[in-house]
Amino acid sequence: MADLPAIYLRLISARIRAQLQYRLSFLLDVLGSFFLTIIDFLAIIVIFYHLPALAGWTLEEVAFLYGTSYVIFKLVDMLIGHLDGLGDQVQAGQFDMIMVRPLGALFQVVTLDFGMRQLGAVLQGLIIFGLALWRVDIDWNTGRVLLLAQMPFSGALIFASVWVAGHTIIFWITRGREAINAFTYGGNMFTTYPIQIYGAWLRRLLAFIIPLAFVNYLPALYILDKPNPLGVPDALRFASPLVAVIAAIVAWRLWNFGVRHYRSTGS
Amino acid sequence: MAIITVQDLEKTFAVSRRREGARGLIGRLARETVQVRAVDGISFAVKRGEMVGYIGPNGAGKSTTIKMLTGILVPSGGTVQVMDLDPSRRRIDVARRIGVVFGQRSQLWWDLPLADSFALLRHIYRIPEQRYRANVAQFTELLDLGGFLQTPVRQLSLGQRMRGELTAALLHDPEILYLDEPTIGLDVVAKARIREFLAQLNVDRGVTVLLTTHDMGDIERLCSRMLVIDHGRVIYDGDVQAIKERYGGERTLIVDLEEPGPPIDVPGARVVKVDGPRQWLRFHRTDATAASLVAAVAARARLLDLTIEEPAIEDIVRRIYEGEAAWEASTA
Ligand SMILES: Nc1ncnc2c1ncn2[C@@H]1O[C@H](COP(=O)(O)OP(=O)(O)OP(=O)(O)O)[C@@H](O)[C@H]1O
Ligand SMILES: [Mg+2]
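In order, the protein sequence lines correspond to chains A and B.
Mapping the first sequence onto our numbering, position 46 (from 1) lands on 46, and the numbers just tick up by one.
Here our numbering = 1-based position in the second sequence + 1000.
If you're looking for bench data, these hints aren't it; they were derived computationally from the structure.
Backbone N, C-alpha and C define an ideal beta-carbon position, used for all residues, glycine too.
Treat the hints with care, since some could be wrong.
To be verified - Some chain B residues close to chain A (C-beta under 7 Å, calculated; not the full set):
no.	residue
1	K1067
2	I1092
3	Q1107
4	D1111
5	V1234
Let's have the full structure, built from the sequences with the hints guiding it.
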């Protein structure tokens, strides 16, 4: 167990070396991910071209949500986004070989690749986040600093949990990839806007059942000193770490349950 | 001391199928779920150091059994004990002590040189540096890997890759080696080399081997015991030699005569085939010796050439299957 980080680094660095063999295509991938994702922010700017505020949020405040969502989500994507290849692996029976090695199955799937190209999107998110911090007037105190500092950790754990829990479905429905993407990539989009703009049902599902509101929206209410319009207890603004740990436990259990239902293939 | 114990093992797959005889659009879209009993109550035990052939026709349940022994699949019923552990509950502990080669899958890193795959496995299995070096050196020599250790795996030929897979499965000194069709698709030379290697491995290191194959040559060369399964059940478990004797007492004398003629009538044998001047005479060891038959044939016709065919295990296995089928039919 103690040497897992070392094994992780070895496996990942083998992947990175393989990717860097093709320098040009690697650079193009990074640039591509930078520009493709910045289009999402342009869409927000277009909205604000017509409106002074979105559900009471200024452009700078939405940029805060956007930046935190993107940086956190894309970092998770970089680390475990290749989980979306699980369906192909299971279908080809290649998951068999993962099961005969003395390492956790999730650990092995996650170390099969490394999404270096997501660096472009992370950078893009960081720039937007930096701009937001610069333009928004935050009344800093210890609580706000701490709340901001924990966001990447809780947020990443929540996104990662969605990713892992979602992909558990693959053990029953091998072609479930698109449906799962609705929650992973969809979750990224969802958390770039203030969630009171969504309909009640979608909000209940994505913000609280799948606890995406705890990634950035609820902490942001306190950090940016916004009113709490959803009628949820004010304390929830500080509950992200707890929720993240619970989400991770649930996802881990689901994953193990799924692995025990792996059927392999007939040939 | 049994290293593998399997008791009443079962695996059922729910498979959804189009309804049979369905008509119309709705009928064709409607699917039904059927339960495929891939492994249907198998029991056996393997002793430490044994080399067992696990054979049977396509779809018999061989791979499914191996997947339960390795912890890939969770059994639907019955129990498995491998080195006193339940593989589906203690998958990782079992994995540390077994090696697996599936002819249809690869455990090597496709875009890395073979040597790099080995290096990664060293860390995954936490193999002590010295053991690792000694093993790589030994397998490189025995399997002649030297020429392609630095070649990316995707560029290897099937035979080269299989030798790499075997090494990869053995670097951590496993106590049990599971081989599911390790010689599939290989040419005669490559097969022979792998058989040699496995035989030696079993002698030198005492590794227990469970081998699945459709090539009876593998079994004859390597295994003293075989388990024959069909429709998820064991239909034979015992000596390879004994089964050869029980079902394979009959040999065939093939004679090339100077001229085509009617079937030769000699006591103790019967002609089963005639093709121009060539005739096939089947005889049982208890009724005649090859020498006496040859003499009898030579007394009746001019003999140019002859060969004696030993029964192939394929035939024997087919006869076990047929015997089983007949037996089932008679008790049904
Ligand atoms: N993952 C699966 N899902 C559904 N059915 C399966 C699955 N795996 C195996 N089967 C079915 O179970 C039966 C046994 O399959 P198995 O692969 O164990 O046979 P086998 O003896 O290894 O055959 P072969 O010699 O062709 O490799 C077959 O009918 C097969 O179709
Ligand atoms: Mg098979």
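Here's how the hints hold up against the structure:
no.	hint	in the structure
1	K1067	holds (6 Å)
2	I1092	holds (5 Å)
3	Q1107	holds (5 Å)
4	D1111	holds (5 Å)
5	V1234	violated (20 Å)
Of the numbered hints stated above, the single one contradicted by the structure is hint 5.
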